[in-house]
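**Student:** Please build the complex by placing chains B, C and D on the supplied structure of chain A, with the hints as guidance.
There are 4 protein chains.
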Amino acid sequence: MHEECGVFGIYSSKETSLAKDVYYGLTALQHRGQEAAGIAVNKDRIIRCKKDLGLVHEVFDAKSLNEMGSAKIAVGHVRYSTSGNPTRENSQPMLTSHIKGQLAICHNGNLSNSFELRKELELGGCIFHSTSDTEVISYCIIKERLSSPSIEEAVSRAMNVIDGAYSLILMSPAKLIACRDPHGLRPLCMGRMMDGSVVFSSESCALDAVGAELTRELLPGEIVVVSDNCRIESIKSHCGRERNSLCIFEYIYFSRNDSVVDSIPVHRYRTEVGRRLFQEDPADADIVVGVPDSGLDAALGYSRASGIPYAMGLIKNKYIGRTFIAPGKDERYDLVRMKLNAIKDVVDGKRIVLIDDSIVRGTTSERIIRLLRSSGAKEIHMRISSPPFRHPCYYGTDVDSPENLIANNHSIDEIAEMIGADTLGFLSVESARDIALSLCPDNKNAGYCLACFNGDYPTRIPHEGSKTRFEI
Amino acid sequence: MHEECGVFGIYSSKETSLAKDVYYGLTALQHRGQEAAGIAVNKDRIIRCKKDLGLVHEVFDAKSLNEMGSAKIAVGHVRYSTSGNPTRENSQPMLTSHIKGQLAICHNGNLSNSFELRKELELGGCIFHSTSDTEVISYCIIKERLSSPSIEEAVSRAMNVIDGAYSLILMSPAKLIACRDPHGLRPLCMGRMMDGSVVFSSESCALDAVGAELTRELLPGEIVVVSDNCRIESIKSHCGRERNSLCIFEYIYFSRNDSVVDSIPVHRYRTEVGRRLFQEDPADADIVVGVPDSGLDAALGYSRASGIPYAMGLIKNKYIGRTFIAPGKDERYDLVRMKLNAIKDVVDGKRIVLIDDSIVRGTTSERIIRLLRSSGAKEIHMRISSPPFRHPCYYGTDVDSPENLIANNHSIDEIAEMIGADTLGFLSVESARDIALSLCPDNKNAGYCLACFNGDYPTRIPHEGSKTRFEI
Amino acid sequence: MHEECGVFGIYSSKETSLAKDVYYGLTALQHRGQEAAGIAVNKDRIIRCKKDLGLVHEVFDAKSLNEMGSAKIAVGHVRYSTSGNPTRENSQPMLTSHIKGQLAICHNGNLSNSFELRKELELGGCIFHSTSDTEVISYCIIKERLSSPSIEEAVSRAMNVIDGAYSLILMSPAKLIACRDPHGLRPLCMGRMMDGSVVFSSESCALDAVGAELTRELLPGEIVVVSDNCRIESIKSHCGRERNSLCIFEYIYFSRNDSVVDSIPVHRYRTEVGRRLFQEDPADADIVVGVPDSGLDAALGYSRASGIPYAMGLIKNKYIGRTFIAPGKDERYDLVRMKLNAIKDVVDGKRIVLIDDSIVRGTTSERIIRLLRSSGAKEIHMRISSPPFRHPCYYGTDVDSPENLIANNHSIDEIAEMIGADTLGFLSVESARDIALSLCPDNKNAGYCLACFNGDYPTRIPHEGSKTRFEI
Amino acid sequence: MHEECGVFGIYSSKETSLAKDVYYGLTALQHRGQEAAGIAVNKDRIIRCKKDLGLVHEVFDAKSLNEMGSAKIAVGHVRYSTSGNPTRENSQPMLTSHIKGQLAICHNGNLSNSFELRKELELGGCIFHSTSDTEVISYCIIKERLSSPSIEEAVSRAMNVIDGAYSLILMSPAKLIACRDPHGLRPLCMGRMMDGSVVFSSESCALDAVGAELTRELLPGEIVVVSDNCRIESIKSHCGRERNSLCIFEYIYFSRNDSVVDSIPVHRYRTEVGRRLFQEDPADADIVVGVPDSGLDAALGYSRASGIPYAMGLIKNKYIGRTFIAPGKDERYDLVRMKLNAIKDVVDGKRIVLIDDSIVRGTTSERIIRLLRSSGAKEIHMRISSPPFRHPCYYGTDVDSPENLIANNHSIDEIAEMIGADTLGFLSVESARDIALSLCPDNKNAGYCLACFNGDYPTRIPHEGSKTRFEI
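Quick mapping for you: the protein sequence lines, in order, are chains A, B, C and D. For the first sequence, this note's numbering begins at 87 and goes up steadily by one. For the second sequence, this note's numbering begins at 87 and goes up steadily by one. For the third sequence, this note's numbering begins at 87 and goes up steadily by one. For the fourth sequence, this note's numbering begins at 87 and goes up steadily by one.
Chain A on its own, in the form it takes in the complex (with noise of 0.2 Å):
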C-alpha cells in the first residue's frame, strides 16, 4: 500500500528514442522506489509499455530500450521496495485502455478516499487486478472521460472526487499531461530543454540528468497539459481550495539533497536542521559525526553552527546494495556492521556528536552506538535530524506502525538509554517547518504536513479497512 514513487514524463520537440531519456531521469529518482520500475512510450498515438520488478539498470539495458523505439511522448515511474511482497501488478506506468483509447497512468502518493472509491466502483460492476490506488484512479478519470470533452477535462473530475495525496502524470494517445493534488502533499515540477522539450519530474535532480531547466514547481491542485508542438496549457481550477501541506519529510529524508523541492533546495534545509539542532541542544564535543548517507548534510550544519570539527568517523560499504541478503551466523554478525565501519583513529577517545536523519525502532541506533565505543569513542551524544515519529503516515510514507515506534512509547531519556547515547535530541517539530518556512522565497503561502509527528492531518483520516482489505 505504500506509494512512495518518482514519476517522470517528457513530451518531447521531435521524436526520438525518448525511452533513453525517460531511462536516465528515473536512474536520478532510483532513490524514491527501488523495488520497480517501467517506462511507456507513444508513437503515432499508440502506448507500449515495458515495466518489471528490479532497478532501473536490471529491468532496462541498451537493447530493449532501442527496442521501444523512437517517440514524442513518455513516462516512466519507479516504484518504493516495501519489505516483504513486492508485485509486478502494482507496478507502473498502468496502461489500460479504455472507449477513447489507451491511457498511461504514473502515480506518487496515496489516496485517503481509495477504500470508499474502490468500493463504490465495485458496486457498479468495476473489476481490480492490482491493490493499488493507482486503479482506482484510472477509474475515476476514465468514468469522467465518457462524458467530458477532453483527458484534462476528465482529469479535472475527477479530482473532485479523489483526496489525499497524489502526484500524477498521464499519458493519452495525443497529450502529457501532470497534476497534483490540492494539498501539494507530493512533489511535482517541471522543466524544459534546450531544444524545447518539456519535462515533468518528482524532483529536479532528474531534470540535471537530462539537460533541462527547472522551469517550475506545479501548484497544489494545478493540472498541466501538453500537446502538440509542446504547447503548454495550466488548468488552475482546483488550486488554492485547501492549505498547502507539502510532506515536511521529503526535506528531511525523501528527496535528494541535490534537487530543489517547491523552492527550497534540499541540501540547505538539512544543513539549516543542523545548524538548528545545535541551538535546540547543544552538546560539548570534540567532533560532529554523521551517519552516512542521509545524515551528513546536518552534521555539516552542527559542525558550522557549533565549531566543533566535523569528521569522517564512520564509513559505508557501497557494494551492500538493495540486493544484498546476510546469509547469517550465529548471530555473531549483524547487517548494520556490515554496512558500516568506525574508523578507529577517528573515533578512539573523542566526544561525539552523532547525527542520523530519525529513530524508528530504535535498533540500528543501538548498534552504531555500540560499532562507535567499540572503537574507542568516550561520548556520544545523538542528534536526530527530525522530530520523534508519532503517528501514522496515510500519504504514501512507509512509517512503522505505531505499536513498533520507539517514540510512541518511551520518553527521550528513556530512548537514550536504550540506545546508550550519553545525550539524546530530536528536532522541535516546530523547527521543522519553521526552517522551511524561513527558507521559502514565498512563504506566504507555504504550508507543510507535519502529521507524522502531530497528527495534524491535512485530509480526512482513511477508513480503517483500508490497508488490509485487499491483499490479492
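A couple of the hints might just be wrong.
Identical chains blur together in the list; that is why a pair holds if it fits in one copy or across any two.
What the hints assert, rightly or not - Mimicking SDA-like on lysine to any residue, the simulated pairs with C-alpha atoms at most 25 Å apart in a straight line are: (1) K136 - P413; (2) K404 - I248; (3) K404 - D379; (4) K402 - E303; (5) K464 - T509; (6) K136 - E101; (7) K404 - C526; (8) K464 - R354; (9) K100 - E516; (10) K129 - E239; (11) K129 - P413; (12) K129 - K404; (13) K149 - C325; (14) K100 - R278; (15) K136 - M424; (16) K402 - E144; (17) K129 - E208.
To be clear, the hints were calculated from the coordinates, so they are not data collected in a lab.
**Tutor:** Showing chains B, C and D alone in chain A's frame:
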C-alpha cells in the same frame, strides 16, 4: 488473439499442497500451450496467483510450489505460444477482485462477439488491462454477479451474452466452477481421485497424470459447480440449445494421443484416419513413414490397412525445443534439417508413403521430401491426415491467414508439384467427420465443427475489426 | 569420471563463422551429453574457447556465436550429465597453452591407466586443475611435443603411453587432428562438405546436420591430420596392434538411430535385435509395444519377425526434459508416470510384448508394467534388447555399480517376478555380437567389446583407486 | 594481467560454516576487485571451491554458502575488474591437485619475472590453463614441494625464484599459510577472533567485518603458517633482504579509508594529504569540495588546514554501480553527469577548491569542472591528492599506458587549461612519501614504492613481451 490453451482445476477433499497437483496436470497439458503458465490457489477463501512466460517447469520449481502453501481449491492454465509477441498481461489465471471478493478465471477458446461486448463495456466506463477475451468474460460474469444470488447464476447469465468457443474453469472464494460453451467447441472433462477430490481438465491425459479417473466430459452448455465436501451440482439450462460442434482439430492435432476426447480415444481416431487415407487414396509403395510425432498414428493405420510395412524413416532431434533458435548461416542450414533427419538405410531405394498431419504453407513438406530424396527415396506419395485448410478459424485455432494457405491458391496437383511429391492426397472433409461419428459411442447428439475446411461456422462470424483494434 | 561424450571438429576450406557449424554439429550429438557444451575456434592461429554447463542451445545463442567471429578451424564437445555434481572444470574443449602455443582437446572415452599416468606426472611436478582424463592426455601429448618434430608425432608418441578408450579431436594453431584408440572402443568418423571442408564427428548424424557426406570411419589406432588447404594425412602406425573392440553399447543405446557407426546403420542393428529377440524368446501376444524412444526400433523388428502387430501403447511427454524436477508429493506421483502414459484404448485387454533397451535396477520396468496393467493389459512379456549387465565398464559408460545391478543378484525368473512381468527375456551376449558381425560389410577385422556383459575386457583393468582418489 | 585483488583466509578454532565468514570478509574487501569472487573451504582435508564472475553477493547467496558446509580452514578472493575481457579461467582461489594433495592459492600482486618463469616451466612440459601469474606461482611451489619436507618450506624455496609483488594466502589439506613478498609491495595483515581463530586479510577493514582484532601486518618476506589448534609459526628467512616498498597507492586510493595499512590509518594519511596540498599549493577560495567518494578525506584535510569551509558541492548517484551501462544518446548525455551532480545552492557564485584523487586522461576532471561551472561556480582551483602519473606500474596497479597519461605529455599549466581549471596543483612525490614516513610509528624500516610517479622500481622491470604473449 489466439487462445488455444489448456485449463485445469481441482477441488480437494482435504487441504493439501494442491499447487503440485496442478503442476503435474499442467505438465500433461503442456502440448496445448508453451507460451505461459500459471497457477492460482485458494486457502481460507484468499486466492493467490503466480504466473509467467515459459514452460510449466520453467515458471515453477519445488521452492515456488512450496511457497504457494496448502489449499483446498486450485486452478491452472497453460497458454499457446503465438509467434511474435508474448505478453505477461494476457497470461492466466486472470485473478481479479470485485465487490463479492476474488475471482480467478482460466479460459480455453475464443469469443466471436468480444469486439461488441468490449465496446459496450467500455461505454459503461470499463477499463482493460489486456487484449484477451478472458477479461471480457470476467467483466460479464462480475456485472451479473451484482444482481445474482450466486456466482454460478452469474456465470449462467453471462453465458446468455457471450458467444463463441469457451471452456472455463473459475475459482471463487468458496467454489470451483467449470463450464463449456453451448456448442461444445472446446473439450472439457471431469474426473475423481480415490479420495473424492474433483478434477477438471481440458483433456483426460492430465487426469491420468494426477491419478484421477475420467468420470465424463461436460456437456455442451453445462455448468458444473463444486462446493463444500466436494459436492457436485450440474446446471444444464444452456444445454441442448445449439448443435454440438466439437472442433475436429482436437482429434487431428491438438489433443495428446493418449487422451479420450468426448468419448473417442484420440489415438484411435488418428489410426482410423490412416486407414481411411489408404481407402480414399491408395498408393503402391514399399514402406509407410510418418513425420514424427504427429504423423505416426496415421502412418500406423495406413500400414495396417494397406499391408505396406510401417517404417521409421525420419528421426526427430528431441533436444530442439521451444527455445531453440537456429543462428542461421548462409542459408546453408535449415531448421527442418536440424529437427528431422532421414534414416538412409531405411529409405534408400524405397517407394514411400509419407504421412503428415497438415500442409499450411508447404515449405516444411517441401524440405522433408527433399531430405528423403537426398537419402535415396525413389518415390514419395504424401498423404495428409486432415482436409486442406481453406477458411479462417475464429475459435482459438492459430490457422494462418487465407492468403498464406497453399490449399487456398492451388490445386492438389499443383501443391504436389510445388512440394516435390509424386502423388498427394488429403483426407476428405466427409471422412474427417464420419470417422468421429463412427467412433463415438453415442453419436445421436454428436456434431463437429469443420469450419476451417468447409466454411460452415456454428456461430456468427466475428466483427472484422476485432483482431486488430486493441494491440496494446 | 564418466566420459560418454560427443566430439566434433571442422577444418574449413575458407574462413567463415565456423562456430555455427560446430553448434549445429553439437546439437545433433546432444544425445551423447547434456551436462556441458563448448566450442573453440582458431583464427589466425589464436584459439578462443567458450564453454559452460547446459545444453548446446543454452550455452550458445546467436549473439555469442557471432562474437566468436570467423575462423578456419573449430572444435566442439558435449559432455555427459552424470548424476550429482557437474563441474565447469571438467567441461571441454580443454584449452591450454604450452611452449609451442595453444592446444584444444576434445575427448570421448576413458583411460584405463590414467591413475598411473597422473601419479607419474605429479611426481614430475605437474599440477591438475580437473579430475578428467583429458588433462592427463594433454600433459602426455605436450610432454612429447617438446622433443617431437610435429604435433601429430607428439600425439603418436603419447598413444604409446595412454591406454583405454579415447576418440580425440585436437586443434593446434595450424592443424586439426583426429585420432582413435587402437582398440577402437569409441567411434569417430570423418566427412567432407561440398566445398572441401573436412569434418570429424563421433557419429555420422552430425555430418548430416552440417551437410557433409560421410567419407569413412577412422581405423582403430589411426591419426588423421588436416592442414593447409584441407590437406589430409593419415598416420597408421598404431593401427592393427590390438583386436578391434568397438563398444557394443554404441549400437544398443548410445548412438542415434540415424547414425552409421563403423559401417553399420544403428537403426538396422536395433531392428535386427528385435527380430533376434523373437527368435530366441518367442511370446504369444496380441501386440508389440516399445518403450519410447529407445525400445521402438527393436519393437518394430520383433513385430516384423513375429507377425504380431506393432502398436503405440505408451506415449512419452516430450516436455519433460533434462531440467524437469518432480516437486514430489506424498509418494502419490512418480516421475515415470509423468514421463510415460499408457494408451488405454490400445492396451486394454491385450497380451503385450513389451520391449525396452535395458534393465538396471528394475524400478523403472516395474513401474511401466504396473502402468500397463492398470490400463487393462492382460499379459506382459518383457523383452530386453541387451544382455544383462553384470560387470563394470571402464571405458566411459555409466553402468551402475555391480551391487545395484539387478541382474547381478537375481535370476531372470526372479527379476520377472520382481518387476511383475509374465515372462522376461534378454538378448543373449552371443546375439549382441553376432548381429553386429553379420551386419558389418567387412567383418574380417570387426570386433566388439561386450565386457559389461561378459567381463572380457580388451585392455587391462584400471587400478582400484582411480575412481575415488581425486574428487576435487 | 592486472592483479589488484583482495585476499582473505581463516583458520578456525572449531569446524563451522566458515564460508560465511569468508563471505563477510570478501564483502568488506569488495572495493579491491569487482570482476570475480571465489571461496574455497577445507573439510577433513578435502578442499572444495566455488568461484565465478560477479560481485561477492552475486556469486554467493545463503543457499550456496550453506552448501559449502562446515569447514576448519577457508580462503577467498576478489578480483579486479579490468576493462574488456573478464575470464573465469583467471578467477581465484586457484585450486589444483598435485602429488601431495590439493592446494588453493589466493594471490594479490603481479610478478616481474613471470614471463621467464613461465617459459622455463613450459620448456619442462608444463601446460597452462590461464594467463595469470598465480598459475606460475602454483607450479613453482608445487615443483619445490616434491623435494621439500613441508608445504611452507616449498613456499619459502619458491620465494627464491619468484620476483615482484605478491601477497599470498594458501590452503593445503592441513595448513593455512600467508606470505608477503620481500619488498612488501602489497599489504597483508593478520588478526585474531575472540575464540582464537586466526584471520589473514589484505586490509584490516575485513577483520573488523568478521569481528577479529588486528594483530599485526606481515613483515615483508614473512611466511606465517597456521596449523592444528590455530598454532602460528612465523618464518622470517626472506625478511630484511630487500628495501621495504609498500605501494604508496594503497594509501592514496586502493585501501578503504577505515583500514589500517602497515600501521598507518588510511583516513589519516588522506586527511594529511589535504593539509599538505594546502601547504604546497594554497588557494584563495570560498569552499573546499571533494569529488566523492575518494576526494572527501583530503578535502576535509585541506579545509582544516586552510580554514576554508568544507562543503558538499557534488553528490554521487549511489545506484549507478558496476553493471550500469549508459545506453547513450546523441552525445547529449555523459556518464559523469549521471554519476555526479552539483548542488547549485552550494556552488553558485563560489570560488572552489576542488579535490580529486588523481588525473589520468583528464576527461573526467574536465567534465566535473564543466558541471560545476554550469552550476554557477566562479573559480575552480583543482588539487590532486597524488603526484602525476608518469610511469607504468608492474605490480598490479592498472595504470593506463604512458601515451594516454595526460601528465606525461603536458605541463601542469597545459593540463589546467585543458580541463578548464583556474589553477591546478598535484601533491609532490616527496610529500606522498614523507607523509607516510611521518605517520608510521616505526619508520626506521619503512619504505614505499612510488615508481609510477618517479620511475624508481624496487625490482627489475619485467620482460617486454610479458604483457602480450599469452592472450588465451
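**Student:** So, for every hint listed, does it hold in this structure?
**Tutor:** Evaluation of the provided hints:
1. K136 - P413: Answer is between; shortest inter-copy Cα gap is 16 Å, intra-copy 33 Å.
2. K404 - I248: Close neither inside one copy (41 Å) nor across copies (35 Å); limit 25 Å.
3. K404 - D379: Classified as both: same-chain Cα gap 10 Å, cross-chain 10 Å, threshold 25 Å.
4. K402 - E303: Classified as between; 24 Å across copies, 34 Å inside a copy.
5. K464 - T509: within (12 Å within a copy, 42 Å between copies)
6. K136 - E101: within (19 Å within a copy, 38 Å between copies)
7. K404 - C526: For K404 and C526, the Cα distance exceeds 25 Å both inside one copy (34 Å) and across copies (28 Å).
8. K464 - R354: Answer is between; shortest inter-copy Cα gap is 20 Å, intra-copy 31 Å.
9. K100 - E516: Neither. Shortest intra-copy (48 Å) and inter-copy (56 Å) distances fail the 25 Å Cα cut-off.
10. K129 - E239: within (23 Å within a copy, 44 Å between copies)
11. K129 - P413: between (46 Å within a copy, 20 Å between copies)
12. K129 - K404: neither (39 Å within a copy, 33 Å between copies)
13. K149 - C325: Intra 43 Å, inter 52 Å, cutoff 25 Å: neither.
14. K100 - R278: within (14 Å within a copy, 56 Å between copies)
15. K136 - M424: Between. Shortest inter-copy distance 22 Å satisfies the 25 Å Cα cut-off; intra-copy 35 Å does not.
16. K402 - E144: both (23 Å within a copy, 19 Å between copies)
17. K129 - E208: This pair counts as between: shortest inter-copy Cα distance 23 Å, intra-copy 33 Å.
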